[in-house]
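Single-letter residue listing:
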Amino acid sequence: MQEGLRFLLPDAEPVERTDFLEQARLARRGPEVSRGLPLTIRGLRKSFGENEVLRGIDLHIPAGQFVAIVGRSGCGKSTLLRLIAGLETSDAGTISFGEQARPEDVRVMFQEPRLLPWARVLSNVEVGLGGDRASSNAQMRAERALTEVGLDDKRGQWPAVLSGGQKQRVALARALVSDPRVLAFDEPLGALDALTRISMQRLLERVWHDQAFTAILVTHDVSEAVALADRVLVIEDGRIAHDVAVDIPRPRRRGSADLAALEGSILRELLLSADETSDL
Amino acid sequence: MSLIENLPRVRGLRLPRADGLIPWIVPLGILLVWQLACVTGFVPARVLPAPSDVALAGWKLLMSGELVRNIWVSFWRASVGFLIGGSIGFAFGLANGLSQLSSKLTDTTLQMVRNIPHLALIPLVILWFGIDESAKLFLVALGVFFPIYLNTLHGIRTVDPQLIEMGRIYGMTDGELFRRVIFPGALPSIFVGVRFALGIMWLTLIVAETIAASSGLGYMAMQAREFMLIDVVVLSILIYALLGKLADSASRVLERLTLSWHPAFQKH
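Protein chains in written order, with the working numbering: chain A, 1 to 280; chain B, 1001 to 1268.
It is worth saying that the hints were derived from the structure and are not from the lab.
From the three backbone atoms N, C-alpha and C, an ideal C-beta is built for every residue, glycine too.
Be aware that a few hints might be false.
As the list claims (entries may be wrong) - If you anchor each label on the Cβ, the simulated ranges turn out as follows: (1) B:Q1162 <-> A:G255: 30 to 40 angstroms; (2) B:R1168 <-> A:G56: 27 to 37 angstroms; (3) A:D179 <-> B:Q1162: 21 to 31 angstroms; (4) B:Q1100 <-> A:R35: 41 to 51 angstroms; (5) A:G93 <-> B:R1168: 20 to 30 angstroms; (6) B:Q1100 <-> A:G93: 27 to 37 angstroms; (7) A:S136 <-> B:S1099: 28 to 38 angstroms.
What the hints assert, rightly or not - Away from chain A, derived, C-beta distances all over 10 angstroms, residues of chain B: (8) A1045; (9) L1056; (10) W1059; (11) E1066; (12) I1071; (13) T1109; (14) Q1111; (15) R1157.
Same shape as in the complex, but just chain B (with noise of 0.2 angstroms):
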């Protein structure tokens, strides 16, 4: 085993079911080792439910609804707020690439407002919105603003001018220069900052509902606490992981079907 195994290399032996469940291996040892350290009282449950207790806990939400409702409104208002956020982004990310003017008008105001923490508005959030839906769709569509603005501002800029060049020699207008020149080359960097968008989209999603609200997956858990119901909070926690790794699978998996022309997507 070398360090470098991880770079592009001439194909070699591979067994593909194996493949797909070597990245399963450490989550599935983990709970293993977890539910073997309840059940021999190593891990008291006070501190820490078994595996299975917290799969119990949620068949019985399940059972009752309340789950599915609550992991429905936190589904909702994140990819509202994504959405909202990243076509503002990307909006914003397009005008400043292109035109020179724009970038000079916003630029350095973005970049202020860009330092301070989103989550250190939800005071003044609660205030303007209450513990409404627009005081969520609000944090995270600014949370998800930046990382969406930035690459797509950074794509744009960095699309090969000898490119641009040659568009221009061959006739293009500047709509076709957009359609297939800049864009496409610009979309790499865009699901970089998809991808990290998603990461802020849930991290202040779940900050908004442990602080106010009155459903969803953050409040879920926070209520939970609140009767001590140990099982119910290291459930919700659970499924903030398995929705994390759902959108970066989504992602990745809309990466892979535009940038089927990228050497880094080619299969061989």
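Isolated chain A, as found in the complex (with noise of 0.2 angstroms):
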């Protein structure tokens, strides 16, 4: 609790002024400065034996867009995002990043921090340099990615001495080091409280602000998918049924009326076809 609060308080005391800062930091940036990847995906499908989760998906993600994928747990979200970052492979269809992706330019954070608790801080960051690994600058590489998550002064601790949300951080660094050009989040925050959620969507914004990737959030939370996402794609029965600009500008307000709206109207889709198949 100590923990939640002491990272909290320093977001929640000058309203004002952090709002007036990260109105100049996000109108500063256009979509052309994006060294994210574009994502095309056409006539995915996949099946678990019996079981088709997905069933055609046809999807195009320009470079550095922030995009949600919501829907009611089982309608195939994670898997798609699992394919996307390769975790899986595809029984038809394809998915293509544009240009010849690296290994290192796809990330995935999950939504258990998986860090080694038997490596400190520093080099568990480390792991995320995949190959780059041995190199001379790893370490000044991975200092850099903690202090951008704002932990670089827990680079010598274990693991299980840290709280959930900073743990949550570390596995952010770990996606970050190698400078991603698409980031793929499966509920990244779904183990997090209330207010440790909120100062780590903020983080979440910051970096895909500042680093200019590719974001693709998995989340169950259509709230947190509208404060963050600049559109919402809502998964049904394995096919994407609505796909949801968000117009709203950044930064935005939590709780504001027309984030509030958008939220609404998705929430009415999703209960709605959850009415319709009626296995609630």
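Hints in hand, dock the two standalone chains.
Encoded structure:
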């Protein structure tokens, strides 16, 4: 609890000032400076045994876009993310990143931090460098990534002594350290408490903005999706049922009327389809 | 005093010096009661000699060099047997934990052999090796093999698959994956095996030395029995206790050094 408060307070205290700074930062970037990779998916299908999880996904994500994928449990959203990240192989269809992506270009962050308990925080971040682990500037890059997530003072700690939010920030630093051009998030904040979630959402938005990668966020939390993403995809029964643009300028005020309205309409769609299939 | 005192708790007030002494209160108390019982004649010296007599016998044997020689011989047998059996067990544990083929090929056989009490092989071993060194080494190695094999195998099989997936995502080669994820993950379980094995190591060695040997602690005890030197018999038993405790402490130190990341070993 002490931890949650400590890194929430600096954000919460001078509200006006941070908002102003954020405004300036977020306004500075246009889509043309993105170093992310575009993503094109055609006719993607995946079954596990009899169960067809994805039934033909067609999707184009422009470079640098922040896309959230929502849907009920078992709708196939996590499978789609795992396919994009190359953790599963598809039964049919293609996924392409525009140009040839190196393995270091696509990174995933999971709901669990998946840190090596026997490696100090800094070596855990170095794991993220992939083939560059042995290079001479590995430590420097890892330190930079830790600073990026605000944990440079924890570099020598064991993961076991960190709080849940801190562990997840180390995992984020590990994903960021190779300067990925596509970052896939599989419910990265699902296991965190409400306050930590909010500050982590801000952190995600900030690093996405600073590093300009293409972000794909799978979440069951519609309010998180509309708060962070440029575009929300609703997946139902293995297909993209809705593709909603979130045209609300950043920084977004949590709890503002237009965010709430959009969240409400997406939730209605989800509930409607739930009533139709009536398996709730 | 509550029953859950041993569970992890918030650090309280501690007296480090007293803390180190507490484990020795009971053994020292027993010695004291024992001495009193012998001195007052409550226990006849033919049944149990007084601790002071045992110490005296120890001193004599120490002076003659016999004690050191026998301890050294036993220690040498124990460690060589442990190293041989432990290495083979570790190697099989690794192979069967990492390779399906190896596991299918050998695990069933090993599980069958495991169920034979290894001390039951003593007659056979004497027929094979006589009362040579190799007989003792063979028995110790066999006894040590199984706890290390089983716990290495278990440790490797229970490494968090999510961590292995993470390692693969981040482009670890098989070698790196083993070195950075699988081996450190299996280490706590391997140490459990080592501590079990140390216990079995002494047990096996003493039995083997008692039955068929011409040197070593077990032999010393058996010879003392022949000559009715009960103080030497008791002395040998006490030395076993001490050596067992020493081996256990050594493995604990090693554990603390290599598992410092583990929450159970963290000093606050």
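Outcome of the hint check:
no., hint, result
1, B:Q1162 <-> A:G255: 30 to 40 angstroms, "holds (34 angstroms)"
2, B:R1168 <-> A:G56: 27 to 37 angstroms, "holds (28 angstroms)"
3, A:D179 <-> B:Q1162: 21 to 31 angstroms, "holds (24 angstroms)"
4, B:Q1100 <-> A:R35: 41 to 51 angstroms, "holds (43 angstroms)"
5, A:G93 <-> B:R1168: 20 to 30 angstroms, "holds (23 angstroms)"
6, B:Q1100 <-> A:G93: 27 to 37 angstroms, "holds (31 angstroms)"
7, A:S136 <-> B:S1099: 28 to 38 angstroms, "holds (36 angstroms)"
8, A1045, "holds (55 angstroms)"
9, L1056, "holds (50 angstroms)"
10, W1059, "holds (47 angstroms)"
11, E1066, "holds (46 angstroms)"
12, I1071, "holds (37 angstroms)"
13, T1109, "holds (33 angstroms)"
14, Q1111, "holds (30 angstroms)"
15, R1157, "holds (18 angstroms)"
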